[in-house]
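Enquirer: The opening residue of the sequence shown carries number 82 in the numbering used here; numbering runs sequentially from there.
Misleading hints may appear alongside valid ones.
[Said to hold, decoys possible] Computed Cβ-Cβ distance ranges for the label pairs, DEER-style: (1) S219 - G183: 28 to 38 Å; (2) Q166 - Q235: 18 to 28 Å; (3) L236 - I149: 29 to 39 Å; (4) L236 - N144: 38 to 48 Å; (5) G165 - S145: 27 to 37 Å; (6) R147 - D218: 18 to 28 Å; (7) E175 - P146: 17 to 27 Å; (8) N164 - T202: 35 to 45 Å; (9) N144 - S234: 21 to 31 Å; (10) G165 - E206: 31 to 41 Å; (11) S145 - K199: 29 to 39 Å; (12) T202 - P146: 32 to 42 Å; (13) R147 - Q235: 14 to 24 Å; (14) K199 - I149: 15 to 25 Å.
[Claimed, not checked] Below, computed lysine to aspartate or glutamate pairings styled on EDC-like, alpha-carbon distance capped at 16 Å: (15) K198 - D213; (16) K198 - D168; (17) K227 - D213.
If you're looking for bench data, these hints aren't it; they were derived computationally from the structure. As the structure is a computational prediction, the values presented were derived from the model and not from experiment. Glycine included, C-beta positions come from ideal geometry on N, C-alpha and C.
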Amino acid sequence: MNANKSLLLVAALCLALSGCAARTVTIPTTKPSTTRPPSTQEPIEPRKPVETRKQPEAPVEDNSPRAIAALTLTDQAKMQLKNGQPDQAISTLERAINLNPGSGQNYYYLAEAWLMKKNITQAVECNNIAADSLRGDSSWTARVTKQKRRIQSQLKPQ
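Given the sequences, and given the hints that come with them, work out the whole structure.
Expert: Next up, the structure:
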């Protein structure tokens with residue numbers, strides 16, 4: 082029994098010491114080659130990302146409850162703009178756009194609100210969306226074009 086204990090003790094000691102031993106790492110004596118094999122093909126140009134512009138959704142049907150609610154909000158925002166309340170108008174128009182994202186008129190009035198706040202960058206963005214959405218309507222196209230000129234006049238130093 083004493084021999085078994087001694088053998089077990091020696092085995093445990095060997096395991097403990099081998100776990101604490103330092104690892105040896107072999108370092109290669111030669112450096113890897115830095116030359117590249119000759120190319121058999123012409124270099125490939127990286128692809129340029131395709132620029133996509135999010136198109137507004139199609140307008141909601143004129144007689145749907147969502148469209149009616151959006152029109153009500155648009156009228157409310159027009160009054161807020163008339164009363165010099167661009168912040169309230171922006172909030173109201175954003176709600177109208179959520180109900181009817183295809184309505185270019187909402188973007189036109191949103192551009193007006195941003196113009197009142199002297200935020201030309203936002204005004205330009207909303208004017209561009211309005212121009213895209215209202216392209217087929219000649220009376221609105223004229224209004225959007227006039228608005229664009231007013232926005233551009235704000236960009237030029239006076």
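Enquirer: Taking the hints in turn, state whether each one holds.
Expert: Going through the hints against the structure:
1. S219 - G183: 28 to 38 Å: At roughly 18 Å between Cβ atoms, G183 and S219 fall outside 28 to 38 Å, so the hint is violated.
2. Q166 - Q235: 18 to 28 Å: 20 Å, holds
3. L236 - I149: 29 to 39 Å: Roughly 37 Å apart at Cβ, these two residues keep to the hinted range, so it holds.
4. L236 - N144: 38 to 48 Å: 40 Å, holds
5. G165 - S145: 27 to 37 Å: 32 Å, holds
6. R147 - D218: 18 to 28 Å: 20 Å, holds
7. E175 - P146: 17 to 27 Å: 19 Å, holds
8. N164 - T202: 35 to 45 Å: 25 Å, violated
9. N144 - S234: 21 to 31 Å: 39 Å, violated
10. G165 - E206: 31 to 41 Å: 22 Å, violated
11. S145 - K199: 29 to 39 Å: 36 Å, holds
12. T202 - P146: 32 to 42 Å: Since the Cβ atoms of T202 and P146 sit about 34 Å apart, the hinted range of 32 to 42 Å holds.
13. R147 - Q235: 14 to 24 Å: 34 Å, violated
14. K199 - I149: 15 to 25 Å: Check failed, 33 Å falls outside 15 to 25 Å.
15. K198 - D213: 23 Å, violated
16. K198 - D168: 8 Å, holds
17. K227 - D213: Since the Cα atoms of K227 and D213 sit roughly 15 Å apart, the hinted pair holds (cutoff 16 Å).
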